[in-house]
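Q: Residues per chain, in single letters:
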Amino acid sequence: MLGKTAGGLAWMFRYLERSENLARLVETGQRIALTRPDRAESEWASVLKTAGVTASYKAHHDDVTGEQVVDWILRGKDNHSSILNCIEGARMNARLVRTALTREVWEAVNECWMTLCSELSRKVIPRDLPRTLGVIKQRSAFVRGALHGTMLRNDIYDFARLGTFLERADATARLLDVKYYVLLPSAAGVGSTLDNAQWEMILRSVSAEGAFRMVHGRNRKPADIAKFLTLDSRMPRSLAFCYSKIGDNLGYLESDYGIRMPSHDMAEAMCQDLNHATIETIFENGLHQFLQNFLRRNGELAVQIELDYRFSQ
Amino acid sequence: MSDVSPFDEMLRSDRSVRDAYQAFETWFSSEDPAHLRAKAREAEAVFRLTGITFNVYGAAGAGERLIPFDIVPRIIAAREWARLSRGIEQRVRALNAFLHDIYHRQEIVRAGVLPVEMIARNDAFLQQMIGVDPPGGIYTHIVGVDLVRTGPDQFYVLEDNARTPSGVSYMLENRETMLHMFPELFAKNRIQRVSRYPQSLHSSLAASAPRRCDQDPVVAVLTPGIHNSAYYEHSFLADQMGVELVEGHDLRVVDGRVAMRTTEGYRTIDVLYRRVDDDYLDPLNFRPDSQLGVPGIFDVYRAGGITIANAPGTGVSDDKAIYSYMPDIVEFYTGEKAMLENVPTWRCSDPDSLAHVLDNLEELVVKEVHGSGGYGMLIGPTASKKDIREFRAKLEARPSNYIAQPTLALSTCPIFSKAGLTPRHVDLRPFVLVSPNGIEITPGGLTRVALKKGSLVVNSSQGGGTKDTWVLEDD
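Protein sequence lines, in the order shown, are assigned to chains S and B.
The first sequence lines up with residues 22 to 334 when you count with our numbering.
The second sequence lines up with residues 6 to 480 when you count with our numbering.
There may be inaccurate statements among the hints.
[To be verified] Looking from chain B toward chain S, a few residues come up when the C-beta cut is under 7 Å (computed):
1) I231
2) E249
3) L250
[As the list claims (entries may be wrong)] Have a look at the derived ranges for each label pair, beta carbon to beta carbon:
4) B:A50 to S:Q313: 42 to 50 Å
5) S:G155 to B:E47: 24 to 32 Å
6) B:R42 to S:I280: 25 to 33 Å
7) S:D59 to B:H40: 37 to 45 Å
8) S:R143 to B:R46: 50 to 58 Å
9) B:E47 to S:P147: 30 to 38 Å
10) B:Q467 to S:C138: 49 to 57 Å
11) B:R110 to S:L328: 27 to 35 Å
12) B:G459 to S:S142: 45 to 53 Å
Derived by calculation from the structure, the hints in this document are not laboratory data.
For every residue, glycine included, the Cβ atom is placed at its ideal position computed from N, Cα and C.
Work out the full structure, taking the sequences as your base and the hints as a guide.
A: The following block contains the structure:
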């Protein structure tokens, strides 16, 4: 496979994953803004931070309002990470690697792009927002479904999955890091309706309210939430889950190509660290430091994979 | 234009249906137009979803457009096709012999058949190709010969696309779309298949591999990138052949061979089907500012390390000035009269011809020698007085840049419009593959149709559409 194709596949799925995560984030922000108007402004500020677009937003706006934040994340022209730009990027990469995709996957991503271009051609009014966000998540799921159902499990599939999980791990870690202070053990004592709202936001942003309840019951404790999203390898958006998948896919590449690369060692070290960690030690050493460290290593791994598999010259 | 109505592919002048269209007509008249309209919309949705689009240059924000597809097929009888394909084969054979000759001994110039300045002053003539022997002796692996029809037995070659003919993906997708929408039509008509084309293209390219290649040849398609107007076709052909679609920056010269950067290191390519123009192929040997090419690829080519299809420098043979010599060229190399006729052509470089052209601009079509895509031409009969005045000035300023031809009454074929079947002008581009194993012509080709009433411009960049093209198994 061409190195460029491997890169195109990884980026196509990174962008799709990002658009879906952003849709969930906006959904959660909107819900909190509606149910607790007093918290709205600070919630939207943390939505911007989690999306990593605070600086670009501030460069174009004087104040933080729900309406502007939603529009910026959905379709801000100068926001490289807007949902519309992500979908555009996913589709452009899909065109680039089209020969590697099945017809079903291509059509799913092309239709995703066609649908969202028209859906996001003008400002989305609040009444339509839930529906639009639903369409974004659904279209991304269609592409994933086509990928699972029709693609050969070879290196093409591995690079697509690597892109997905590198992005997802990054998104979950950033979500936690923006809110880390409400998850600290000390916050449990403070335990107020305010913190409850924050915890709810975290779980909602990863579509995990129900899953959390199944595992930990109705009693939300911040340490359990932190553990669920970092170390629980059954939770498909947790750091441990993402890294078990990254490890698998790199492992398939290793056996396919018959050669072990530096990125394999890096990923294995990450997997082991996550396997050995307990939530207690994480809190002891500092959740924030843990997440910052994780984000840095996740970024370095992505770069190393690009080098190992010659995404570019 | 003439008062006589042009030849219609489907109807005789007494409105009776020609034999080849009988089965189609019976089917069509039994169909509900509303149902057909729904089908036509369905076809458009399929094209959009598949992404069978082309990019429009210059139109800011226009992005990707669909080429309109018309559901009425253009049908060619087996006998007609047999005659046409013999003529095409003869012409393509002559093109290759001509290219070999002008890059070697130039016998045709020595014999006084072709003036030396036609080559010496030709921008498409590549000095660097002199004395180079392409693998298998083949210059034009892929050719698209543009034909127009003016009468029952009267076909003309309008243009020989010997550089990088495009449109073959439309030929294939149009057939797929028809099969998908109207399977019953294919049960009622015996139509020669076109679907083998990608395999034929692959085996034809593989058979042209350089002698140094001692294994199963590795073929790749070179595209200028996703912003090129024909990018869809490039990716389609690579996909259908099961080969890599590469860009210049995926390639480099490694140990005297051209290799592509894969996830497992560099891998040698034996045959490159390039859809990048000569000028941009190699910044070391041609345009130094090219970002699309591969530095040093031409040196590898000269040393017999790679096959480039089509060969660099083939453009000289489909140039519009050379075109006017084609009947002589065919005769010179094949020893036979050309079976397919040329449109009579005035070369404006010749003072007598120029005078004639200037006197008759209202009736002629004037084209730029190096133009393509229907741009930069004047169609006298439909042009305004102002257009003609402006064109006259251009022509007088640079006569050698132009040729002129009579306005042909191109044949018409019906399209399915709101008013039912209505005639529109068409042309035909059959696709030809050349390899050391021989010449293969896919039955049919791409029919382009001018969708505007009376228009003679079929180019997709100027509002033309396409049709599925059928060659019947037997008459």
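Q: Could you tell me which of the numbered hints above are not met by this structure, giving the numbers in increasing order?
A: 6, 7, 8, 10, 11, 12
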